[in-house]
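Q: With chain L held as given, fit chain S onto it using these hints.
There are 2 protein chains.
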Amino acid sequence: MSKINLDSLLSQNASHMRPSPARSILSGLNIEELISFGGGYPNPDTFPVDDLKRIVDRLLRESPSISLQYGPTEGDPNLREELAKRYYSQGVDITKEDIAITTSSQQAIDLCSKIFINRGDTVVCSLPSYFGALQSFWFWGGVPVGVADENSLESTIIKLIEEDRKPKFIYSIPDFQNPSGITLTLAQRENIIRVAQLYDLIIIEDSPYRELRYSGDDLPTLLSMDRERVILLGTFSKTLTPGFRLGWVVANPSILSRIVVAKQSTDLCASVFDQAIAARYLRDGLFESNLVKTIELYRGKRELMLECFKRYMPKCVSWTVPEGGLFLFVTLPVRYNATDVLKLTLIEDLAFIPGEIFFCNGEGKNTMRINFSYAQNEKIEKGVKILASAINRVVSTTHIPL
Amino acid sequence: MSKINLDSLLSQNASHMRPSPARSILSGLNIEELISFGGGYPNPDTFPVDDLKRIVDRLLRESPSISLQYGPTEGDPNLREELAKRYYSQGVDITKEDIAITTSSQQAIDLCSKIFINRGDTVVCSLPSYFGALQSFWFWGGVPVGVADENSLESTIIKLIEEDRKPKFIYSIPDFQNPSGITLTLAQRENIIRVAQLYDLIIIEDSPYRELRYSGDDLPTLLSMDRERVILLGTFSKTLTPGFRLGWVVANPSILSRIVVAKQSTDLCASVFDQAIAARYLRDGLFESNLVKTIELYRGKRELMLECFKRYMPKCVSWTVPEGGLFLFVTLPVRYNATDVLKLTLIEDLAFIPGEIFFCNGEGKNTMRINFSYAQNEKIEKGVKILASAINRVVSTTHIPL
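Here the protein sequences line up with chains L and S, keeping their order.
Its first residue numbered 0, the first sequence is counted upward by one per residue in numbering that gives the first Met the number 0.
Its first residue numbered 0, the second sequence is counted upward by one per residue in numbering that gives the first Met the number 0.
Label-pair ranges, simulated between beta-carbon atoms:
1. D216/S x S62/L: 34 to 42 Å
2. R57/S x L305/L: 35 to 43 Å
3. E287/L x R310/S: 57 to 65 Å
4. P252/S x N376/L: 37 to 45 Å
5. L197/L x Y198/S: 51 to 59 Å
6. G119/S x N360/L: 29 to 37 Å
7. L197/L x E227/S: 52 to 60 Å
8. L197/L x H15/S: 26 to 34 Å
9. S62/L x I346/S: 27 to 35 Å
10. E153/L x S256/S: 39 to 47 Å
If you are wondering where the hints come from, they were derived from the structure by calculation, not from laboratory data.
Built from N, CA and C at the ideal position, the CB exists for glycine as well.
Chain L extracted, bound-state conformation (with noise of 0.2 Å):
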């Protein structure tokens, strides 16, 4: 048996792949006493078990043969229809033919960037935003573009286009952002179509935590506001389960063909079990009622993290406040470093993100993401007691040069 010269074998791509950095400080952890402010990770007990086991029960019974079989790329024609309905429902006027099913909505930032990105190719993004989205982009060689500030948007993009570097698309998350847990304004959300609209932009719309809202009124849909050049995405891994991996695309036919044959060679369907399980979910009006008890579940554990963080950071901490999602933003005074906070607490078992993985310009180093949607409620006020205490840690014993 010969040993492989595996450099010289692989491809250009491999060489671009960034592992997540999460995934690393998540393991080798004593799960059991772990407190986690790490993950986006839905609450189990928002599952909705014993539905689902009926479901399944019937499922199998009534209709085996079609959801255990290969299924269309575009997804279940039952849950597409009930997708679309709910959108309807929304003010959102689609039909299923709008619509087609991914493996996770991770997978749909996959496709966009397959059939938009050409290596070098910049986008534009947040700063910070969405680690998963970066690592695609880097991934098929895209160069992601940080804008800070949502009013500096159309001077990044002129300044690009200057450059002859023309991004491909505006990469947003426009309700409880990851990491910032930040919403746009209605003014915002105008000004990122207007100027999608006058450089001709695409716009992808990351829409994996709207129904997720504790406080304050609904806004629209980018979706809503330009159905020709708005791609949404969307997933049920925050308000049904991540275990079926299972997101949509939301687009106009001749971007949604792109995405459906891009599919096809990737997996060729998503779990067809998985789906129709999901359809039936819907279809009996199971996902409302199970929403209204997550945002109840949620909101208690966001004002419980908002009053531990009033009550035991030191001052010179900011957080942001936001209105739904699954995460708070902090930032640190700009010469500490979270990477020094995160090593103290892990020896007492409390694990969060460092927030440099969300800036793709390498900044951030001062900041960390929270999330308060996972944690059992005794152990969200530990876990901010353990950070406020290494936070003080780190201010009092970090050298800061005069």
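A: Frame of chain L; chain S shown alone:
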């Protein structure tokens, strides 16, 4: 709402995509009446519906918070453990660390393309070969070079090297190949390994049908002959259910780790729920007993199909006699076109796949792939009659220039 200029925004990748012609052949047909010799569909009678019902019920009672949550990219540890045990019992000495779970083996093929193929790279495959693999190679800008006769494998590779087009890997389906139904002999397997070692090539051993042997004796997997450079791809699609979209990769650690990172930005992980079901299904020993029943069923269908072929086919037609798997491959005299035959059979609701799509060099117009696993027995006989009569009509009406 301004009109989008999509062509200027799409990537080169998007222009390399080829949709599956099989899909368009099969769409729009009367599914109720259809006799399908088309897809590579397992027979629904093989789906272990009652076992799955029991497993899901127990799973959702005992560990819902794990099976409905996010999971590791490399897959459910229990499932990887069960798969490793199975290989071990078959004489392949691997552990779960050598296995990663993918969202179908189509995804495994695509991830291999992703990490090995640069635009313009050649890869060597059989002539004919699985269309989904060709589709993925093309998408990544690969140039599949087909080898019609296993004896010309080495000379093809020498020629490519002389032309400075050394292939990245050999893609092979050694057992009951798709579409040909042919199984490589031991000498042919040894030759592939020798050639790969001599010229430092990877081998992708696509192995979806291996468990489905109806006659003859098992031959060693390529993997067992070289653990360093063979990547074996497996799947539950033909032996449990394609509805779960679960496949796996066995490879050496340096390759496997790249596949896992490549998967991370693709869809994070395969359906955690379906993986948990499959793991219990294996652990409870249900896989083996269902496999025995499946082999029994398909052996009968193969016999029936071959009998009907002998009885009804005109003399000028030849076909392969597969020892396992799902397909016969049928050859008409070179001057006749299988697509002309298909046009006639579709009128009578019989579908099959013209063999041309499996030939990366555009040949094979006179061939067809015939699936025998899906159709009910009475439809097999009816379908072969329709097929034979359509072939007779094409043969008698095709104008052959002198």
